[in-house]
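Visitor: Each chain is listed here by its residues.
Protein chains: 2
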Amino acid sequence: MREVVVIGIGMTKWGECWKSSLRDLFVEAAMKAMDDAGVSQIESLYVGCMSGGLFNGQEHIGPLVADYLGVCPVPAVRVESACASGGVAFRQAYIEVASGMSDIVLAGGVEKMTDVDGSEATYALGTAADQEYEFFHGITFPGLYALMARVYMQKYGITGEDMASVAVKNHAHGLMNSHAQFQRAITVEEVLKSSMVADPLHLLDCSPITDGAAAVILCSKEKAMSLSKKRPVKILGSGHATDSIALHDRKQIEHFTSTEIAAKKAFAQAKIGPEAVNLIEVHDCFTIAEICALESMGFFAPGQAGKAAAQGTTALGGKIPVNVSGGLKAKGHPVGATGIAQIIELVEQLRHEAGQRQVANAKIGLAQNMGGTAASSVVHILEAC
Amino acid sequence: MREVVVIGIGMTKWGECWKSSLRDLFVEAAMKAMDDAGVSQIESLYVGCMSGGLFNGQEHIGPLVADYLGVCPVPAVRVESACASGGVAFRQAYIEVASGMSDIVLAGGVEKMTDVDGSEATYALGTAADQEYEFFHGITFPGLYALMARVYMQKYGITGEDMASVAVKNHAHGLMNSHAQFQRAITVEEVLKSSMVADPLHLLDCSPITDGAAAVILCSKEKAMSLSKKRPVKILGSGHATDSIALHDRKQIEHFTSTEIAAKKAFAQAKIGPEAVNLIEVHDCFTIAEICALESMGFFAPGQAGKAAAQGTTALGGKIPVNVSGGLKAKGHPVGATGIAQIIELVEQLRHEAGQRQVANAKIGLAQNMGGTAASSVVHILEAC
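Chains as they are written, first to last, in this note's numbering: chain A, 9 to 393; chain B, 9 to 393.
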């Protein structure tokens with residue numbers, strides 16, 4: 009397999025994008041990525057989208073976005089792995105370039121979630137869980153993550169304040185990201201006073217409903233040398249793993265086995281360990297998720313990642329900055345696009361173009377994207393060339 | 009890129025499968041394929057599914073089926089390209105094995121369409137068209153294909169009888185396929201007397217709503233030599249192409265440009281032309297579709313493929329048998345599974361295990377699978393090893 013680099017990135021402003029349709033959002037992000045890479049044509053594209061069917065009455069997303077991007081007849085593949093759809097799209101594009109089949113491939117993600125009302129969105133998101141044994145019986149995603157949080161709190165004695173500090177940190181980071189849905193600081197007190205969604209998770213422990221798109225251009229390293237306008241960023245490792253679709257089939261619900269395995273695969277391919285990583289983007293769909301994901305990958309011992317947020321260890325300027333982009337919590341979470349935006353943050357940081365939120369001396373970054381209650385996880389490790 | 013072969017096949021009975029859920033269907037087909045290949049483990053899987061969201065309230069199909077197949081934590085990717093989802097899943101598995109990343113990969117497809125009523129199914133299928141510029145305004149898939157049929161009839165002077173003969177032929181083939189949804193002969197007169205769905209397409213010009221699954225095991229040729237119980241079948245060529253999502257954006261609506269381009273790519277990779285092919289499976293979602301697909305790939309001159317069906321040229325025993333499996337028309341069309349079942353038919357034929365419907369001296373077969381009104385097409389060419 010060949011070496012593969014990222015040579016272009018682009019994303020839309022994330023939030024409530026009333027004036028843009030699903031296709032508009034994708035095309036805007038994709039054109040920015042192609043422009044950033046300095047390429048006028050691609051050989052194929054992958055698009056991560058969780059549920060164009062339920063959110064927009066639109067499937068067949070691949071040709072739709074290829075058509076409006078003006079790149080037909082290139083192959084266009086839509087992949088879905090719930091909230092990990094973007095990460096999986098990136099990985100499929102990586103495999104295609106690594107295989108030698110194509111030199112220049114676009115990987116993007118998009119979701120337009122505000123076309124439906126809140127209860128319909130909750131329904132659409134619930135389809136990432138086990139329809140027959142979980143969702144049919146009435147539990148929603150905040151409910152499932154609240155179960156994890158309760159188990160974690162009992163086991164490790166973490167407090168609501170510790171969890172809230174993850175949201176506070178990520179909002180502080182989001183303040184510095186012009187693409188973020190929320191650009192305002194919050195306090196631990198505000199989190200704890202916000203409405204209870206599913207005990208112990210308050211509204212401000214939860215990532216929002218978001219419209220948005222993101223895209224990157226992958227290229228064989230060889231071709232990039234003659235092509236790239238900007239400093240290429242190399243894909244050092246890629247891992248993907250699955251776990252039971254339902255939470256009740258796991259031995260430990262506060263440990264993400266799929267994330268652990270995906271990370272191990274990515275680290276093995278990259279031939280490095282967690283200590284070599286300078287910054288991390290993790291899938292903080294809820295505050296508890298950031299904590300469990302970091303521990304599942306071996307960045308912190310069990311019970312320690314919440315304290316790390318409270319103590320500033322995972323903040324910009326801390327020992328190991330996590331979600332400097334603002335994370336899903338503040339940047340927003342258009343589910344199909346999230347995994348791609350994580351890659352974009354790493355690329356900006358590794359190019360040293362992240363402005364105010366630049367992580368000093370960033371050389372190696374890791375992105376962890378997951379679907380449902382971590383029934384699927386994708387981990388990528390990137391390195392500045 | 010490495011050489012890749014198919015070493016195992018499996019499918020469920022297709023039809024109205026009231027006693028099996030989406031996951032049950034997939035697992036049955038996948039276990040049959042693994043058993044046929046003689047493998048007890050796979051390294052990853054791809055599943056084609058058009059709309060688990062709208063048909064079953066279930067997305068996140070990859071981990072769902074991996075979980076119930078008992079293969080977690082292997083990577084599991086759901087791909088969607090409307091009715092070409094199965095063909096695209098097969099192609100992605102092919103790329104992964106060809107890349108050297110994995111040796112043994114499962115490609116499957118599944119759709120459970122009868123969990124919803126007829127109008128909901130029509131809605132779900134309509135999401136393969138352009139939601140904003142076609143479907144929103146009321147046109148359905150039979151309507152879109154009826155437009156093609158009208159243009160084709162005007163241009164080439166084909167009759168309703170010629171189109172009907174495609175359905176008659178495929179039903180005659182389906183009689184010999186125990187997996188087929190319909191196992192009964194029909195006559196041209198019956199087709200023309202059946203209810204008008206969208207003029208000029210009668211009910212018996214249309215493929216049905218179907219539940220079903222299909223799966224195949226792909227393997228590197230090298231590994232297959234030490235592994236395979238049965239005669240491996242080699243993937244000679246793979247092509248995938250897209251076209252405008254909406255019919256009104258095409259110069260010629262009765263010619264499938266995406267199918268033409270996908271076929272050209274597959275032929276170029278295989279280093280053969282149409283004359284080398286001994287049997288063809290095409291995407292006959294409507295009778296007119298078989299005609300247009302065959303002509304778009306160069307098997308017949310424009311205006312000739314309908315006559316070919318009427319004259320027996322494309323029947324079993326004819327010069328170039330088409331849809332010996334029964335096609336979508338008689339075998340059924342569980343949309344995500346269709347592209348995989350086409351591959352299964354080729355493999356059975358190339359192994360010379362097709363029983364009553366065996367094509368004599370079959371050495372090379374071609375499968376054409378498409379999404380929507382051919383906004384996406386996938387073509388594969390297989391050869392007996």
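Any given hint could turn out to be false.
Given that identical chains are not distinguished, each listed pair holds provided it fits within a single copy or across any two copies.
Stated by the list, open to error - Derived pair list, reagent style DSBU-like, types lysine-lysine, alpha-carbon separation capped at 35 Å:
{"id": "1", "residue 1": "Lys27", "residue 2": "Lys229"}
{"id": "2", "residue 1": "Lys272", "residue 2": "Lys242"}
{"id": "3", "residue 1": "Lys40", "residue 2": "Lys259"}
{"id": "4", "residue 1": "Lys259", "residue 2": "Lys27"}
{"id": "5", "residue 1": "Lys273", "residue 2": "Lys201"}
{"id": "6", "residue 1": "Lys231", "residue 2": "Lys242"}
{"id": "7", "residue 1": "Lys272", "residue 2": "Lys231"}
{"id": "8", "residue 1": "Lys163", "residue 2": "Lys231"}
Just so you know, the hints here were simulated from the structure itself, not pulled from any lab data.
Visitor: Now tell me, hint by hint, if it's right for this structure.
Guide: Hint-by-hint comparison with the structure:
Taking the shortest Cα distances, Lys27 and Lys229 never come within 35 Å of each other, neither inside one copy (38 Å) nor across copies (51 Å). When the C-alpha separation of Lys272 and Lys242 is checked against a cutoff of 35 Å, the pair qualifies both within a copy, at 18 Å, and between copies, at 33 Å. Taking CA atoms no more than 35 Å apart as the test, Lys40 paired with Lys259 passes between copies only; the shortest distance there is 29 Å, against 44 Å inside one copy. Proximity of Lys259 and Lys27 under a CA criterion of 35 Å is satisfied inter-copy only: 30 Å between copies versus 45 Å inside one chain copy.
Neither within a single protomer nor between protomers do Lys273 and Lys201 lie at most 35 Å apart by alpha-carbon distance, with minima of 40 Å and 60 Å respectively. With identical chains, the CA atoms of Lys231 and Lys242 are at most 35 Å apart both within one copy (13 Å) and between copies (30 Å). With identical chains, the CA atoms of Lys272 and Lys231 are at most 35 Å apart both within one copy (29 Å) and between copies (26 Å). Taking the shortest Cα distances, Lys163 and Lys231 never come within 35 Å of each other, neither inside one copy (51 Å) nor across copies (47 Å).
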